[in-house]
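Chains as they are written, first to last, in our numbering: chain S, 5 to 125; chain D, 469 to 796.
To be clear, the hints were calculated from the coordinates, so they are not data collected in a lab.
Do not rely on the hints blindly, as some may be mistaken.
[Stated by the list, open to error] Here are the simulated DSS-like cross-link-like pairs (lysine-lysine), alpha carbons at most 25 Å apart as the crow flies: (1) S:K81 / D:K790; (2) D:K736 / D:K721; (3) D:K736 / S:K65; (4) D:K701 / D:K577.
[Claimed, not checked] Here are a few chain S residues that sit away from chain D, every Cβ distance over 10 Å (derived from the structure): (5) H26; (6) L62; (7) R71; (8) F104; (9) Y110; (10) F119.
All C-beta atoms in this analysis are idealised placements derived from N, C-alpha and C, irrespective of residue type, glycine included.
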Amino acid sequence: MSSLDPRIKRLDLKKTEEGEVHTNTHLITWEVFHQEKRGKQPMHVGAVHASNPEMALLMAKETFGRRGKTTNLWVVKSSDVYTFPTEDEDMFETTPEKMFRDPAYYKVRDRIEKFQNKQKV
Amino acid sequence: MYGNTSLTEEEAKRLNLTEEDPIKLAEFEDRITRGEKIEPGDWMPKEYRKQLLRMIEQHAHSEIVGALPEGTWITRAPNFRRKLALIAKVQDEIGHGQLLYSAAETLGKTREQMLEDLLNGKSKYSNVFNYPALTWADVAVIGFLVDGAAIVNQVINSKGSYGPYCRALERICYEESFHLKQGHDNVVYLATGTKHQRAILQDAINRWYRPLLHFFGPPDRNSQHSEKLMKWKVKLASNDDMRNQFLDQYVPKIWELDLTFPDPNLKKNDDGIWEFSDPDWDEFKRVINGGGPCNAERLEVRKYAEEAGRWVRNALMSKNEKYVMPMA
């Protein structure tokens with residue numbers, strides 16, 4: 005093949021058979037968690053494919069640790085992560101309404117002032 | 469880096485929603501109207517899944533094929549600093565391919581099948597990568613203008629409705645801002661250099677002008693954008709709108725260097741719309757269908773990589789490993 009790329013000229017591309025991908029074999033899928041700084045929690049950032057944890061960490065480093073700060077990366081087999089079905093999202097729907105769990109719900113200043121005013125009389 | 473994915477008329481016509489559950493469809497559309505994202509486990513219309521998959525897969529292929537024209541110049545970069553930047557950029561592009569393949573996989577197609585479809589020609593990549601990088605100035609123009617065009621496209625698409633694609637695009641846009649800046653730096657360096665440097669730069673701009681206009685796809689008058697896909701936030705801006713935004717941002721940055729585009733009709737009208745000569749849409753079609761200067765080479769190189777790396781994958785892959793979709 006005539007190419008402008010000296011590397012491609014060296015490859016002898018004619019030698020290749022049909023470039024068919026074996027679609028029936030797979031690497032393991034891993035979810036990647038990125039910890040930016042000490043003291044911060046690791047956050048899910050994406051997934052990589054690799055044959056073992058060491059390779060998965062290497063792939064994660066090359067894909068998700070390319071900019072800014074990284075303290076550590078975690079990889080977990082995707083098949084080991086369990087989640088609720090997304091259609092069960094409504095089970096959390098009433099949580100924000102549970103104001104009695106919220107510190108801002110508890111306001112006593114008015115009552116104290118009222119009490120103090122009454123004491124003065 | 470990335471190319472265009474616009475619908476042909478035929479594809480738009482095929483959008484058939486009569487088979488979908490009307491209640492689920494309404495819930496799905498309400499969610500998008502409210503500005504919420506769709507996540508992999510959610511119910512979605514078949515056509516939404518199909519169009520998104522096609523678009524993200526094509527984007528992923530564009531990243532890994534897009535690394536080839538620039539990769540050519542790593543061994544011949546003019547100095548060490550430029551070489552380091554170019555290696556980083558090309559490796560970024562491959563990483564972007566990884567991110568996008570993962571996002572596409574969440575829609576239900578394996579990475580191996582996507583790579584196979586790239587090689588057998590079933591799925592495409594951006595047309596712009598079927599042109600050669602003849603000189604070092606091409607690397608500058610690709611880094612500045614092709615990446616600039618890609619960023620216009622990607623920033624718009626990152627406001628789409630599919631969560632995994634949006635997250636991948638946000639990371640990609642963040643990394644590509646460096647590509648753009650180093651490309652601009654490279655262009656300015658050549659433009660303010662010797663007569664010869666200015667000449668090769670002008671020559672590269674002349675050659676990339678048409679492919680850049682083609683980049684955003686056929687004009688709106690020839691390309692049907694299904695209202696459905698706009699409503700579903702799969703497609704967020706028309707081809708002409710994106711092209712106009714690109715010209716508006718980048719033409720002045722070339723003109724201020726006293727360089728030109730090879731088009732006497734290129735100008736901005738009072739209404740803010742850029743005018744340009746017809747960039748030969750027949751050539752666009754011809755190149756998409758395999759007739760470009762580098763189509764064959766790009767696929768040959770991918771096939772070679774597939775073949776030459778197979779013994780490594782065979783050693784690593786286990787026949788018993790069941791395929792697991794990435795989660796998000």
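TODO: Identify every previously stated hint that the structure contradicts and give their numbers, smallest first.
DONE: Of the numbered hints given earlier, those the structure breaks are 3, 5, 7, listed in rising order.
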